[in-house]
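We have chain A; now place chain B onto it with these hints.
2 protein chains.
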Amino acid sequence: MAVPTVKNAAGREVPLEINGRPATPFMGVGKHKPTGHRYGPPVPSCSNFPSDGNKVVGSLEEALRLCGLSDGMTISTHHHLRDGDLISNRVFDIASSMGIKDLVWFPSASFPCNDPVIKYLEDGTINRIEGSMNGPLGRFVSEGRMKGTAVLRSHGGRVQAILDGEVRIDIAVLAAPTADSYGNAKGTGGKSACGVLGYAKADSMYASKVIVVTDNLVDLPCYPMEIEGNYVDYVVVVDKIGIPEKIVSGTTQVTKSPDRLLIAEMTAAFLEKSGILKDGVTMQAGAGGTSLAIAVFLHEIFKKKGWRSKFGFGGSTRYMVEMLEKGQMGYILDAQAFDLDSVASVERNANHIPYPVFNAYNYHSKGNLTSMMDIMILGATEIDLNFNGNVVTHSDGYLLHGIGGWQNCLHARNVILPVPLFRDRIPVIVDEVTTLCGPGELIDVIITERGIAINPIRTDLIESVKDSGLPLKTIRELKEEAERICGKPSRPDFEDEIVAAIKWVDGTVIDVVRKLKPAKSADDGKL
Amino acid sequence: MAVPTVKNAAGREVPLEINGRPATPFMGVGKHKPTGHRYGPPVPSCSNFPSDGNKVVGSLEEALRLCGLSDGMTISTHHHLRDGDLISNRVFDIASSMGIKDLVWFPSASFPCNDPVIKYLEDGTINRIEGSMNGPLGRFVSEGRMKGTAVLRSHGGRVQAILDGEVRIDIAVLAAPTADSYGNAKGTGGKSACGVLGYAKADSMYASKVIVVTDNLVDLPCYPMEIEGNYVDYVVVVDKIGIPEKIVSGTTQVTKSPDRLLIAEMTAAFLEKSGILKDGVTMQAGAGGTSLAIAVFLHEIFKKKGWRSKFGFGGSTRYMVEMLEKGQMGYILDAQAFDLDSVASVERNANHIPYPVFNAYNYHSKGNLTSMMDIMILGATEIDLNFNGNVVTHSDGYLLHGIGGWQNCLHARNVILPVPLFRDRIPVIVDEVTTLCGPGELIDVIITERGIAINPIRTDLIESVKDSGLPLKTIRELKEEAERICGKPSRPDFEDEIVAAIKWVDGTVIDVVRKLKPAKSADDGKL
Chain A
1 MAVPTVKNAA
11 GREVPLEING
21 RPATPFMGVG
31 KHKPTGHRYG
41 PPVPSCSNFP
51 SDGNKVVGSL
61 EEALRLCGLS
71 DGMTISTHHH
81 LRDGDLISNR
91 VFDIASSMGI
101 KDLVWFPSAS
111 FPCNDPVIKY
121 LEDGTINRIE
131 GSMNGPLGRF
141 VSEGRMKGTA
151 VLRSHGGRVQ
161 AILDGEVRID
171 IAVLAAPTAD
181 SYGNAKGTGG
191 KSACGVLGYA
201 KADSMYASKV
211 IVVTDNLVDL
221 PCYPMEIEGN
231 YVDYVVVVDK
241 IGIPEKIVSG
251 TTQVTKSPDR
261 LLIAEMTAAF
271 LEKSGILKDG
281 VTMQAGAGGT
291 SLAIAVFLHE
301 IFKKKGWRSK
311 FGFGGSTRYM
321 VEMLEKGQMG
331 YILDAQAFDL
341 DSVASVERNA
351 NHIPYPVFNA
361 YNYHSKGNLT
371 SMMDIMILGA
381 TEIDLNFNGN
391 VVTHSDGYLL
401 HGIGGWQNCL
411 HARNVILPVP
421 LFRDRIPVIV
431 DEVTTLCGPG
441 ELIDVIITER
451 GIAINPIRTD
461 LIESVKDSGL
471 PLKTIRELKE
481 EAERICGKPS
491 RPDFEDEIVA
501 AIKWVDGTVI
511 DVVRKLKPAK
521 SADDGKL
Chain B
1 MAVPTVKNAA
11 GREVPLEING
21 RPATPFMGVG
31 KHKPTGHRYG
41 PPVPSCSNFP
51 SDGNKVVGSL
61 EEALRLCGLS
71 DGMTISTHHH
81 LRDGDLISNR
91 VFDIASSMGI
101 KDLVWFPSAS
111 FPCNDPVIKY
121 LEDGTINRIE
131 GSMNGPLGRF
141 VSEGRMKGTA
151 VLRSHGGRVQ
161 AILDGEVRID
171 IAVLAAPTAD
181 SYGNAKGTGG
191 KSACGVLGYA
201 KADSMYASKV
211 IVVTDNLVDL
221 PCYPMEIEGN
231 YVDYVVVVDK
241 IGIPEKIVSG
251 TTQVTKSPDR
261 LLIAEMTAAF
271 LEKSGILKDG
281 VTMQAGAGGT
291 SLAIAVFLHE
301 IFKKKGWRSK
311 FGFGGSTRYM
321 VEMLEKGQMG
331 YILDAQAFDL
341 DSVASVERNA
351 NHIPYPVFNA
361 YNYHSKGNLT
371 SMMDIMILGA
381 TEIDLNFNGN
391 VVTHSDGYLL
401 HGIGGWQNCL
411 HARNVILPVP
421 LFRDRIPVIV
431 DEVTTLCGPG
441 ELIDVIITER
451 GIAINPIRTD
461 LIESVKDSGL
471 PLKTIRELKE
481 EAERICGKPS
491 RPDFEDEIVA
501 AIKWVDGTVI
511 DVVRKLKPAK
521 SADDGKL
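So the sequences go chain by chain: A and B. Residues in the first sequence are numbered consecutively from 1, following the numbering used here. Residues in the second sequence are numbered consecutively from 1, following the numbering used here.
Treat the hints with caution; some may be incorrect.
Because identical chains share one entry, a pair is satisfied inside a single copy or across any pair of copies.
Simulated crosslink set (BS3-like; lysine-lysine; CA at most 30 Å straight-line) [to be verified]:
id : residue 1 : residue 2
1  : K101      : K473
2  : K240      : K310
3  : K278      : K305
4  : K7        : K517
5  : K305      : K246
6  : K488      : K517
7  : K191      : K310
8  : K305      : K256
9  : K515      : K488
It is worth saying that the hints were derived from the structure and are not from the lab. Given the structure is predicted, the values throughout are model-derived calculations rather than measurements.
Just chain A, same shape as in the assembly:
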């Protein structure tokens, strides 16, 4: 039975119902006004907990049974162990062995190490994933093979969904590099340190049941208490929660590609010449090779001018740590540490401060850190003539990435997307994005190796660089240049079936991903 759809404020056809629950279509940036109250999890009582505070049980399976794991439950995990995570899959191994069906997996992100859950999507242990899906998982969804509809949210949207009660977590399974027997836990210490646990805060506070899994049990009090024991039901001690070298990279590396270096250099030049870069500026960039190169260029400018960034928001990298330590950055506020230097810095430097996405990104909050950032460096898989951005699908229509904090970060003062004009001869700038993840009104500048396009609504920025000598172009010029080189890209062929919904930061549906038509074989092509 087809679900009724409606055209939302962005002109995208979206469903009024997702997985049997009503959905609100996107109404425009800042237009949806939430009503009602935040969700409250069940009221616990100390009378049901050990008076000595020791919540350690024998195994994850025992903890899951004690939590009453059963069909249809929503299970959350965090992604701080990234591609080294040994716990998330284990939850579903156990669920499957118990004959549990129709679970909803609600991770803060998934990684290639999570591909084995495909078998549980196939055998019905998991009904659907509400979270990011990459590679084989994304392909599985795009081919219409997942039973339920995927729901993709930004990191902040995930917090919003938890707090507003849109997603009610039955059991949160939270891997923790260090914890005490009461459940206080943190991201530093032990053999599986990931730096901070900023993505687990909402889960710990709002899940009905919370299991902390650690391979480094310490005496109470584990401090800082990024997860507070008062929210924790059970603690499980295992040999290993993760594979250290896959949790954080040894070091993050700047790009070596000449094109990407050129983009980074142009980005730094744009920021300097436009006057956006100045003493006291606040900034955020990612951990990709181009972003890191930009960070290095900006650091040079700061040193040259004697400037200092007031604070940077992490995902932290060694390059931010270097700015912090050499005096060109006042603080790092950090929701995740990307490399070993950053993990060490969180432990040692009082000005490297854990700052959960809970406090930085949730739009249904009394303000967000993102809107206070002067400079925001982001990527995209596609950008269209209206500056709309896509980060979840490629131009071939396959679901490929999660949203991450991307939508949340669009609320910064100056949103800069340094992107190559094309990737593998597929243009990045297109007539219309395959999937709309972020409205063009929030995206200010596109910087490619062949020119810079400023969103026409940013007349101030256009004015600021008009005599700068920078290679300014219109976005249409950039698109046409890409098409001259690569040819007009073909559009993917979708069926009607909706396989994933894309939420906006306020919980409304901004777009959907539809099932891809089976590719014609080479033989078919010849007919």
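Quick look at chain B alone, frame taken from chain A:
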């Protein structure tokens, strides 16, 4: 119209309704099993907050107006500024000048400096206080002059009431020694430092509107964020939030009374000889002169034996700080700092850790710190033959104190009450407590200058000290000795009218305080 009452599990006659809302009678320790969900405050949206994060408004009055202050609202404040608080009264000055009526004041405690609110209780600006009432305020209530019924809760019970939605705070006005313009706030720094803000956490998270008032505005990020800006609506900057010398004492002082010193010495001896005191023990004591003397004696034993307390829970004092610094205490977990040494220690010592009552005391939580404490030193105004304790009224029936954390602390492993046998010739040990605040089953040992009584249910403790040479007596012997010296105390003469309800840690009603009959004049006595 009389409210229906019922005899609760402790045999006390309690109302089934308080201030027009249903009330649950006390059912026994650990017997009440809460159902339902925690309260959720209204869902906010970033679209209603300044994108630059600057929430500073011109005055407290402006902030209160912006919060929609109106008749019947519940206004919360914390007591971290103690007797130096300049903000709480100011809220009601403003409310009164606006013609607002029937407010509920929900402080975490009140102090003599708050006596001026009596005029607002008299003129109808305030309907009632739900919180502690001392001195003139207590007298006002005991004389039946407050319009609504007072509700007294423990510090943990206050958190429970907020989280369970029993008390819905409309506006929390939170004075903060240091804050940034976004509302992140802490208890250290500036000219009004109080150390920690551990009593304000629940208020900030659950109030519909939150105002932070500071006299020390710093650049974002104010850190540690004891109050998180994401919960804050407005920030107000004033000249002075408090009078420093009344916020914390310069130094806390041990008792000089020979009787109290004897009690302290006997307490230390009891703890040592019973084997309760040992290496790794966890402990909590108050800031009263006797408690401080006990701390000094215990410190000596620790030093002598080479022992170390695993952690102490504060209210912190210079004596705990000394143990921490000299290596006889591993950590101080701290909900409030009582003196300047403690404030300085919080700022400087990473092992002096803010630990909100939110995490330590709330019985409707997944465990509490209190039940993990080995040694708990508490006081009482009265103790009866069943070891029941009273902390809110004196034997003359007047409401005199708040409950503080007393009820919460009763859940420790060994609850020791060092008390004088009589005060001002009024016996402390009585046939039956005037007001029941804590069931005798949770009170283990009474230590007076004339002997030690161990609760008969603690056969283990009785066994442990039977050959110790300590002056062991039954509680009845202690009571009779007091009466031999002071005479049998007269009982207060109450009317039927209930002026205050005493909540147990789980939100049930354990007892009430009734209106006192007007005292007969001397002339009446002669008739």
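Cross-check of the supplied hints:
1. Neither within a single protomer nor between protomers do K101 and K473 lie at most 30 Å apart by alpha-carbon distance, with minima of 54 Å and 63 Å respectively.
2. Taking identical chains as interchangeable, the C-alpha atoms of K240 and K310 lie at most 30 Å apart only when they sit on different chains, with a minimum of 28 Å there against 38 Å within one chain.
3. In this homomeric assembly, K278 and K305 come within 30 Å of each other (Cα to Cα) only inside a single copy, at 9 Å, whereas the closest approach across copies is 60 Å.
4. In this homomeric assembly, K7 and K517 come within 30 Å of each other (Cα to Cα) only inside a single copy, at 22 Å, whereas the closest approach across copies is 72 Å.
5. Neither within a single protomer nor between protomers do K305 and K246 lie at most 30 Å apart by alpha-carbon distance, with minima of 38 Å and 47 Å respectively.
6. Taking CA atoms no more than 30 Å apart as the test, K488 paired with K517 passes inside one copy only; the shortest distance there is 20 Å, against 93 Å between copies.
7. In the homo-oligomer, the alpha carbons of K191 and K310 lie at most 30 Å apart only across protomers (25 Å), although the nearest pairing inside one protomer, at 33 Å, exceeds that limit.
8. Proximity of K305 and K256 under a CA criterion of 30 Å is satisfied intra-copy only: 26 Å inside one chain copy versus 63 Å between copies.
9. Taking identical chains as interchangeable, the C-alpha atoms of K515 and K488 lie at most 30 Å apart only when both belong to the same chain, with a minimum of 23 Å there against 87 Å between chains.
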